[in-house]
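S.K.: One-letter residues, chain by chain:
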Amino acid sequence: MSGRKLCYVDQPLERARRRSQVAEHGLMNKPSLAACCALTALLLANDAWGQAALDRVRRTGGVDSGQITATTPLGLTLTRSGVATTIAAEDIVSVTLAGEPAELNSARNAVLARKFAEAAEILKKVDRPAAGREELLAEIDFYSALVGAKLASGGSGAPQAAAESLRSFMAKHRTSFHVPQAIEALGDLLGGTGQYAAARAEYAKLAKAKSEYYAMRSAWLSGRAWLAEGDAAKAAAELDRALAAKAGGELAERVQLLASLDRAVARAKGGDAAAVDDAVHAIAKLIAAAAADDDELLASAYTALGDCYLSAKDERAALFAFLHVDLLFPQTGDLHARALHELVGLWKATGKDSRSQEAAAELAKRYPSSKWANDLSP
Amino acid sequence: MIAKFPTFLQPTAPMRRAGWNCAVAIQKTTRLVLLAAIWCVSGPRLVAADPSADLTAALRQRGWNDTALEFLDWAPSTPLIGEEFRRLVPFHRATVLAEQGRRSRSRSERTRLLTEAAQSFAEFADSKPGALPAIDALRQAASAHAELGLASLADAENMAGGAELRASARGELELAGSLVERIVAGCESELAALPKPAVIQADPEAKKLRDQLRSRLAEARYLQALLKFERSRTFPKGEEATEAFTEAGELFGDLVAEYRDTLVAASSRFYQGRCWQERGDMAKALGCYDDLVRLPAADPEFRRWTARAHRRRAECLAELGKWEEAVRDGEEWLAASRPAERDLPEWLEVAYRLAKSCQGLAKSLADNPAAAKQLDARARELLRVVADKPNEFQKLARVATVSASSQAASSPDDLSSFDKALEAGRAALEKLSSAELAVRLAKENNPEAVPELQQDVDSAKREAGQLLWAALELADADTPIERLNDARYYACWLSYDHGDYYDAATLGDFLATRFPESEVAPSAAKVALAAYQQIVRSEPPPDDASAGRSYASARLTAIAELTLSRWPDSPEAAGAVSMLVAAALSEGRIDAAEQLLERLPAGARAEAQMSLGSAIWEQANRLAGEKSADEAAIAATRKKATDYLTEAFAAVRQSGRATAASVVGALYLAQSLLAEGRAAGAIDVLEDKAAGPLALIAAGSPAMEQTVVVREALKTGLRAYLSVSPPRREQAQAMVESLERLEPKKDGGDAKSVGPVTAICLDVGRQLLQQLRDLKAAGKTEEARQTAAALDDVLKRVAERDDADRWAVRVWLAQGRLEAGEALGGGDSHDQLAEARKAFEAILAAAAKDPRFAPSPAAVLAVRMKLAETSAALGEHDKAAQQYEELLKARPQAVEFQKSAAGAFEEQGAATGEIEALNQAVHGAWQQANGQNLAWGWIRLARIAQAQRQRHSGKTDAASRQAAARFADLYFEANLHVARCRFVAAKLAPASQRAGQLAAVRKIVDVLTAQYPDLGGPQWKSQFDRLLAEVGDEEKR
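Those protein sequences? They're chains A and B, same order as listed. Quick note on numbering: this note's numbering labels position 222 of the first sequence as 222, and the sequence is numbered without any gaps. Quick note on numbering: this note's numbering labels position 994 of the second sequence as 10994, and the sequence is numbered without any gaps.
The shape of chain A in the complex, shown without the other chains (with noise of 0.2 Å):
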């Protein structure tokens, strides 16, 4: 389970080392030490200067970089030596903009590491130009508001000023690749919110882009809504609709994949011990076919596991379900944090007082600002 699929190369690095291969290929026959470190200086120098010059894309799949001279909520237009290549919004991970401030880069890291109270303060050291390039403000803008929504769904901060510099930024940058994001961002705040509605509605904006692929995450985003409010029927069939869409492709695939988790849980939630025991049977299948190293999938998967245990109030099997979550897959940000929060009342449930009070402490201390942490906090 050590390998992840989201597995990211430092593409500087990775040429650094390319180019010294074939560098040091080239100098094969006396390779001597001093030869080689002023290579590889200049080489690094290089990169740094290309570094500056240069925008960095990194998507799912691997980095390209170039100029972007265009964005749309689509995705964006990346041009080099004449050539311009455009990337799904979906698809890209992160951007990286040439000239950009250290600590944009920093806290655009922290983000991805789930790492919000941290990202805040390094945002906090941004100096935001009043005008500029649009990307970069854009960027700036949209971390600082993501940040803010996150912080807030886990309790550190107000939902309202977070919800509504969500919205200043899809105002201020119509234009922006973020805008999706954005979206969902706001909708998941809202939903954490019990917004449920509202936040549905903004799920719905996503499938009015012209994207099978967000028309699928736009149902599927309102089926885990639905889930979250109780209703299980209507979830099922938002679920159903993300299941029957036709868009192709690895992301999603996945996404289909994990909107089959929550079909699941629909179904245990909506329905008898039969019922049940068909979801367990359709996860057990999910999980048998998942690749083994694929840690994302599998703790969702046992996550939707746990919440059709928990739905039946089988406790011993929750706990098992999301033992596994704890134990094996600890490195899943928010779903780890999930199991954490469910262990905390299901070990108490089975007379485990002191492991209830560790998966209490582990929350408090590796997702401080997350709102399961909140939850349990007094």
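There's no promise every hint is true.
What the hints assert, rightly or not - Just the calculated beta-carbon pair ranges, DEER-fashion: (1) B:E10181 with A:D293: 39 to 45 Å; (2) B:Q10119 with A:D293: 35 to 41 Å; (3) B:R10107 with A:V93: 26 to 32 Å; (4) A:G230 with B:W10074: 23 to 29 Å; (5) B:T10506 with A:A161: 44 to 50 Å; (6) B:P10079 with A:A84: 49 to 55 Å; (7) B:P10079 with A:T86: 40 to 46 Å; (8) A:S168 with B:P10079: 33 to 39 Å.
To be verified - Residues of chain A placed beyond 12 Å of chain B at every Cβ, according to the derived structure: (9) V83; (10) T85; (11) T86; (12) P101; (13) L136; (14) L137; (15) S156; (16) G192; (17) G230; (18) A233; (19) A275; (20) A317; (21) A321; (22) G345; (23) G351.
To be verified - Now the stretches of chain A that chain B is said to cover, found in silico as 3 or more residues with beta-carbon under 8 Å: (24) 148-154; (25) 168-175.
Hints listed in this document are in silico derivations from the structure and should not be mistaken for laboratory results. We treat Cβ as the ideally placed atom computed from N, Cα and C, and that holds for glycine.
Since the structure of chain A is provided, determine the placement of chain B on it from the hints.
M.R.: Using the frame of chain A, we list chain B on its own:
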């Protein structure tokens, strides 16, 4: 070290982690090698890549084996596990059981779980899961049995008389051996069934399987030889051991030949040497070790074996007295070793042996003190290094360097974090452990050094306490809970050890109730129980009997209940039951105590049964000491106690594991047998080789560490040897001599003080007196006579002692004769009573001659009263009356004298039929000038008692309440005697007057009943009822 703790405070898992269980580590390397050999081949081979397998492993890693087992029981009923994992569930289950067993602090639990695991592995292997899985399962089963065997062997080496443990170890090792034999056979048959080599070369899968089978075969054969070696060590030195070592040596020899130039060959050669060494053939052993040390070893594993060979080589050379060669070899090896190697256990063990060789050589250099001094300095230097790092000899090296290490310890000022403070605290605890061991050793070998070493103990305790409390202060939210709980437990234990029972109780209670799943929780509960018990003992008795239980008492019960419900199979559970039993018994709930016992598994019941039996026995003794003793109830209570003690004693005998508690129970059992006149049976108990207190004293058992227990054992032995028919006077004399050694004479004792041995003999005399009374009460006249003879022996023995002329001793001797006479009754009593009279008269004569002889005038009066009682008992009523008159003239207001005088008149009347004496008993005698009688008689006594009773009644202070109760008793007692005197008079009266006088007796009782329906309580009511029954009989006549 372990023996230092009270039995209820054995060191716990975290203490062991900190090195507290390193008492004896002889042969540890071998055990580690064996276990490593088993573990390295059988660990993770069957673990499949499956989330369920991963979860099981993760749960095991976290120590949550209970949850892992639950998961494995649950998972097969779900669709969540794959077929591969489903097939392996029994294997995983057995693995978890074994892990749980290894982690268990309880020896019995560990044994149970490992045994169950071994059985499960074997069953899995039998289920034909495939060749390799079966082999791996058999290895695990062998591992479990080997662990059990090695643990028993280690225990046998640590305690005297471990024959049964050795036999048990042998059994387990043989079981492991038979499993390994199956592995060998399995590998061989699988290899034989493989295709021809040419075919295998072309088939990578077949080649892989062949290599795996070959590898497992080699490992199994090596294991087989190792198990044989360990089995050899289970025999005491002698023919059987030699034969077994020979067999093991031959197996290793085969391996050396077959696997030449491999690690298997090198390690087998080493063990060949070990076998020769164990057989006492040092030359041949040296030959084997020399082969190893000559090898140009570069591979780290080879070098470890070379280091082991150097260590063993040094042992052989030391045995042969070749100190110089041993020193040279050790120095050369260490000098040539790599810097990183010098901290490894094998190298440190060579260093220890080198230190010992230096000391040996130094001793042989008497003519060269400078060189000897240099060698001693080198030895000290080496010992310091050895003491610093984990290795087999660390503890011994620490003992040798304890003083130096205490000076070198870090001070609490160095601390800046919880981790540092805890580690420093643990180090201080280790130092404490070493210092305590040093004290124990010094007590035997160098008593002069004890005070200084004791200072080290005290200093280490202080230091450990400061560090651990500092650690608790430094703990924060990030401190791992288990480490924090470890620190809490250490602090808890130290608080208890220091006598800070409130701190110990608070911490222990907190750990047990808040963190019951923690590894330290059962031990913490144990300390809390012990601490609460101390607090309860120190609490003053409540003024009001109806007052509720104290907080400490309530918590004691709560923690004991918790221990019993959470850890029913733990060693602590027996202690908890004992406490609950004690609490139940102190509240008179014997039935509850017995029910509690049922809550323990039969196998773990012996200790609690001992405690219950002991507690019931004590209860019976208390009952016997009460005025209103109900003989039938006492007999029933004693029988119950004896039944429990007999059963528990049999269990202890069988287990061969005597403890301080079992010894107390055995002593009670012996006393109960003595009380029944079964002195021979008592001697059997006392002398039982496995569990008898006297045999345990002779064997130097740790169960007999408490002087008070030894003293009681010797006293009981003295009593038993004197009581048996014919008396064993020589053994009785040996007991007295042992007591004299135990209680050395103190210089400067004053002329009036009684020596401790005399006091003990007098105590034995008291016990014999009680025994005499019990036997008479049970109608065992012959046994009573024997006991009287034994008592006579004791009295004579005391009379011969230097301090026999002390007032207290002389009075006691006379009193003993009087009581023996009274107890014997009839014709048997005369000699004793006559001796008593003579003795009392002599005391009074001595007091008259030397006014300083008696401690007080009151003491002289008390003797005079006893003389009067003796005269009365002899039927010399006039002489008795004379004494009473003297007494009453001296103290006319003394109620006790008045009662005795009235009683004497009553007795005289009853014995002689003199109506006048009965009248004097009722109305008094010896009229004075003021017209009043000097002796009051029972009627006046009743009147005075009633007045005093009314005077004190209604007052709430304790003294008034006691006085009121005392005078109430006197009131009913006096009325009873008035009625009884009237009854005796009625019987003596002419027939015509008898009915009227009997009616008068009834009237006395009726009037009293009208006023006081309970007639003063059961004690008096039963006597009034008996009297009325006698009146009824007389009326019918």
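S.K.: Take the hints in turn and mark each one as holding or not.
M.R.: Going through the hints against the structure:
no. : hint                             : in the structure
1   : B:E10181 with A:D293: 39 to 45 Å : holds (42 Å)
2   : B:Q10119 with A:D293: 35 to 41 Å : holds (37 Å)
3   : B:R10107 with A:V93: 26 to 32 Å  : violated (57 Å)
4   : A:G230 with B:W10074: 23 to 29 Å : holds (28 Å)
5   : B:T10506 with A:A161: 44 to 50 Å : holds (47 Å)
6   : B:P10079 with A:A84: 49 to 55 Å  : holds (50 Å)
7   : B:P10079 with A:T86: 40 to 46 Å  : holds (44 Å)
8   : A:S168 with B:P10079: 33 to 39 Å : violated (49 Å)
9   : V83                              : holds (43 Å)
10  : T85                              : holds (39 Å)
11  : T86                              : holds (39 Å)
12  : P101                             : holds (33 Å)
13  : L136                             : holds (38 Å)
14  : L137                             : holds (39 Å)
15  : S156                             : holds (18 Å)
16  : G192                             : holds (26 Å)
17  : G230                             : holds (26 Å)
18  : A233                             : holds (25 Å)
19  : A275                             : holds (15 Å)
20  : A317                             : violated (7 Å)
21  : A321                             : violated (9 Å)
22  : G345                             : holds (16 Å)
23  : G351                             : violated (9 Å)
24  : 148-154                          : violated (count 0)
25  : 168-175                          : violated (count 0)
Comparing the model with each numbered hint stated earlier shows that hints 3, 8, 20, 21, 23, 24, 25 do not hold.
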